[in-house]
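The chain contents come next:
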Amino acid sequence: MSTLRYRDAVRAAMIEEMERDERVFLVGEEVGHYQGAYKVSEGMLERFGPKRVIDAPITESGFTGISIGAAMVGLRPIVEYMTWNFSAVAFDQILNNAAKIRQMSGGQFSVPIVLRAPNASARQVGSQHSHAMEHFYAQVPGLKVLAPATPADAKGMLKSAIRDEDPVLFMESETLYNVKGEVPDDPELLVPMGVANVAREGKDVTIIAWSRLTHVSLEAAAALEKEGISAEVIDLRSIRPLDEEAIVKSVRKTHRAVVAYEGWPFGGVGAEISDRIQRLAFDDLDAPVLRVSTLDYPMPYNAKLEQHVIPSVPRILEAVNQVLYRS
Amino acid sequence: MSGGDAPGMRTAPTEGSATAPDLGLFTVLQDDGTAAPGVDHGMSLDLAMRAYREIKRLRLLDARMILLQRQGRVGFYGACTGQEATPIATALALAPTDWVFPALRESVMMLVRGFPLRTYIAQVFGNSGDNQKGRQQPSHMSGRAANQVSWSSCIGTQLPQAVGAAWASKLRGDKAAVIGFLGDGATSEPDFHIALNFAGVYRVPCVVICQNNHWAISVPTSRQTASATLAVKGRAYGIPSVRVDGNDVLAIYSVVSAAVARARAGGGPTFIEALTYRIGAHSTSDDPTRYRSQEEVDRWMQRDPLLRLRRYLVAQGTLDDGLDADLEKTMNAEIAAAISEVEALPPPARESIFDDVYAELPWHLREQREELLRSQPAPGHSGG
Chain A
0 MSTLRYRDAV
10 RAAMIEEMER
20 DERVFLVGEE
30 VGHYQGAYKV
40 SEGMLERFGP
50 KRVIDAPITE
60 SGFTGISIGA
70 AMVGLRPIVE
80 YMTWNFSAVA
90 FDQILNNAAK
100 IRQMSGGQFS
110 VPIVLRAPNA
120 SARQVGSQHS
130 HAMEHFYAQV
140 PGLKVLAPAT
150 PADAKGMLKS
160 AIRDEDPVLF
170 MESETLYNVK
180 GEVPDDPELL
190 VPMGVANVAR
200 EGKDVTIIAW
210 SRLTHVSLEA
220 AAALEKEGIS
230 AEVIDLRSIR
240 PLDEEAIVKS
250 VRKTHRAVVA
260 YEGWPFGGVG
270 AEISDRIQRL
280 AFDDLDAPVL
290 RVSTLDYPMP
300 YNAKLEQHVI
310 PSVPRILEAV
320 NQVLYRS
Chain B
0 MSGGDAPGMR
10 TAPTEGSATA
20 PDLGLFTVLQ
30 DDGTAAPGVD
40 HGMSLDLAMR
50 AYREIKRLRL
60 LDARMILLQR
70 QGRVGFYGAC
80 TGQEATPIAT
90 ALALAPTDWV
100 FPALRESVMM
110 LVRGFPLRTY
120 IAQVFGNSGD
130 NQKGRQQPSH
140 MSGRAANQVS
150 WSSCIGTQLP
160 QAVGAAWASK
170 LRGDKAAVIG
180 FLGDGATSEP
190 DFHIALNFAG
200 VYRVPCVVIC
210 QNNHWAISVP
220 TSRQTASATL
230 AVKGRAYGIP
240 SVRVDGNDVL
250 AIYSVVSAAV
260 ARARAGGGPT
270 FIEALTYRIG
280 AHSTSDDPTR
290 YRSQEEVDRW
300 MQRDPLLRLR
310 RYLVAQGTLD
320 DGLDADLEKT
330 MNAEIAAAIS
340 EVEALPPPAR
350 ESIFDDVYAE
360 LPWHLREQRE
370 ELLRSQPAPG
380 HSGG
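Residue numbers (numbering that gives the first Met the number 0), protein chains in the order written: chain A, 0 to 326; chain B, 0 to 383.
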């Protein structure tokens, strides 16, 4: 075990996999000479050279399309976007190409590619830089979408993603890059996709979250404990594939559920989870499933307004009190 | 004319004054059926005859497929009629290890490079004989065995992918060249800019070929760009660019061969504008009489690549009316036999729709498949 920051864990995963498999390379804006916009790829150009750590011209759809082409003929690209927000201009390559080439070609071609970047709010960067993009991508069959919350999961899941035969979208967070945690050193220790983690056990209510909101939910659970309420926090880690079983199992135990996440309330992953809970555990529920999401509003720049818009501990507590019928 | 490999011989231009992409047009086949004197186009008579057979077969095949669509036996088709020379001469200039990232009208390159006719036709029916398992629209064929991927209907997206495949080739040092195709309309897409920009910066073994057939469905090239030619656009990216007569098999073969040779030798990408004309409709969903004159079509029929190559082969003594008639008869029989054999095949097994979404069948699709298999098959669907 080593204590690593989240960004170092992501880097460790890339380095180990690039050393293991020469087909793996990293491409993106500023990943080489500049050492990464968030220093995730620090030192990698020096380690692997410019053929495997590639500074791309500023065209997200370009280096996405180029990497899809390279993947189709046998390489295993890791694409870094400066943030997931900028993947919007590469949406067609992701939606119509990466996700569909295996299916459309009758299984003749595959796209083993990892697209990774920080996602969701990042403190005062305004509406164009604060999108929670998992909601857009998780809808698409053919894609896998991961959003780990801890350094250990970041490393173990990114390694799984790089070794996977399908396109994997890996959602990091600027607000998590400095989070420290214990990370296994064993390069063969992978964290599987589609398996949620019980981040905190409890019996009165289930809070389902992923990425940064796992930490916010754990804070909320700590506050609830002081009031004598035992909250279970499920860290999904993987949005698609989704660990439906873990969600249902927890709700069968607590009978109450709150889904906490960044992203707008209309549709999206939170609505999907709520649907599954009411469908699969209806008889076990003692209250409607509630969602704590980003408000249905483009992200404001002002710090106070931003805090009002993104999900917070008080809003999670409020939702938990509602499902427990506490006033 | 630019210098070539053999001193004293004229070879295909890469970029030079006489073929300046904004002005010139590289042509070899003359109106009288001769090849321009002193041009080393590099295409043997045998290979030219092979090209003729391929063009002829495609023309017959396209006509039959359109007929099948009109009869409601297949859903969609996009014919290549009038612009067969460019994909076919290009296919003949490639090595088996080279890759093709086509647009709408280059599916035939797979056939030329050895893909079986029956499987090709099965793709138009989308039935159990189709290697794409009935999932892709016709004229979006792909065959891994022929190193050809499927086109994406979102215009131009295949071009960055072609550059990416070429980049993989360069990183691995495996000497494969990659050919990416587009039409004139796609030059307005960002992906065209992206592909040429990356190809130039990374200096990859890629040849980007634009079939300028003058019409993007109903939009003429003059409404697509104010540029005098499309070839000149390649210059802005630092890429040697050529404008070639796209209905001239000898000229295309020679230009593409030179570009592929340079790509293989590490000389980087080439952009080729092949000037041609779509004689038929954009697809079976289109009626071109609504936007262009018959007089314009008739004028281009005089430049028909099949007729021009035929004139050349007759002048060379390789082809005559009798041989041509025999050829047509044999090919029509071959196509008819393939259609009747393929059309009789059942649809893909219904449970196959869950395959290939992911490398491994996820649990939720496995459940859906089991549910489907518990229900009665639809009438006429014997599969599953």
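Treat the hints as calculated values from the structure; they're not laboratory data.
Being a predicted model, the structure only gives us computed values, none of them experimental.
Worth double-checking, as some hints may not be accurate.
Heads up, simulated SDA-like pairs for lysine to any residue below, C-alpha to C-alpha not over 25 Å straight-line [claimed, not checked]:
1) A:248 <-> B:369
2) A:50 <-> B:369
3) A:248 <-> B:263
4) B:174 <-> B:284
5) A:50 <-> B:173
6) B:174 <-> A:295
7) A:50 <-> B:263
8) A:50 <-> B:363
Just a sample of chain B residues kept apart from chain A, beta carbon distances all over 10 Å, derived [said to hold, decoys possible]:
9) 63
10) 71
11) 134
12) 143
13) 148
14) 159
15) 321
16) 350
17) 358
18) 361
Note that beta-carbon positions come from the ideal geometry of N, C-alpha and C, so glycine has one too.
(request) Against chain A, does residue 134 of chain B hold up as non-interface, every C-beta pair farther apart than 10 Å? (result) violated (5 Å)
(message) Is the claim that residue 361 of chain B lies outside the interface with chain A correct, judged by CB distances over 10 Å?
(response) violated (6 Å)
(request) For the pair supplied as a hint, residue 174 of chain B and residue 284 of chain B, confirm whether the alpha-carbon distance does not exceed 25 Å. (result) The hint is violated at about 40 Å.
(request) Please settle this one: residue 358 of chain B was flagged as non-interface, so is its CB more than 10 Å from every CB on chain A? (result) With a cut-off of 10 Å, residue 358 of chain B comes too close to chain A, as the shortest Cβ separation is near 4 Å.
(request) Would you assess whether residue 350 of chain B, listed as outside the interface, keeps its beta-carbon beyond 10 Å of every beta-carbon in chain A? (result) For residue 350 of chain B, whose nearest Cβ neighbour in chain A is about 14 Å away, the distance exceeds 10 Å, so it holds.
(message) Against the 25 Å threshold, does the CA-CA distance of residue 50 of chain A and residue 369 of chain B hold or violate the hint?
(response) At roughly 46 Å apart (the allowed maximum being 25 Å), residue 369 of chain B and residue 50 of chain A break the hint.
(request) With a cut-off of 25 Å on the C-alpha distance, tell me whether residue 50 of chain A and residue 263 of chain B pass. (result) This hinted pair holds, its Cα atoms lying about 18 Å apart.
(request) Would you check the hint for residue 174 of chain B and residue 295 of chain A, treating anything up to 25 Å between C-alpha atoms as holding? (result) violated (53 Å)
(request) Verify that the Cβ of residue 148 of chain B lies farther than 10 Å from every Cβ atom of chain A, and report whether the claim holds or is violated. (result) Per Cβ check, residue 148 of chain B is inside 10 Å of chain A; nearest 6 Å; violated.
(request) Could you let me know if the closest chain A CB is still more than 10 Å away from the CB of residue 63 of chain B? (result) holds (23 Å)
(message) Please verify that the nearest CB of chain A lies beyond 10 Å from residue 321 of chain B's CB.
(response) holds (42 Å)
(message) Please verify that the nearest CB of chain A lies beyond 10 Å from residue 71 of chain B's CB.
(response) For residue 71 of chain B, whose nearest Cβ neighbour in chain A is about 24 Å away, the distance exceeds 10 Å, so it holds.
Violated hints, listed in ascending order, are 2, 3, 4, 6, 8, 11, 12, 13, 14, 17 and 18; each of the other numbered hints is respected by the structure.
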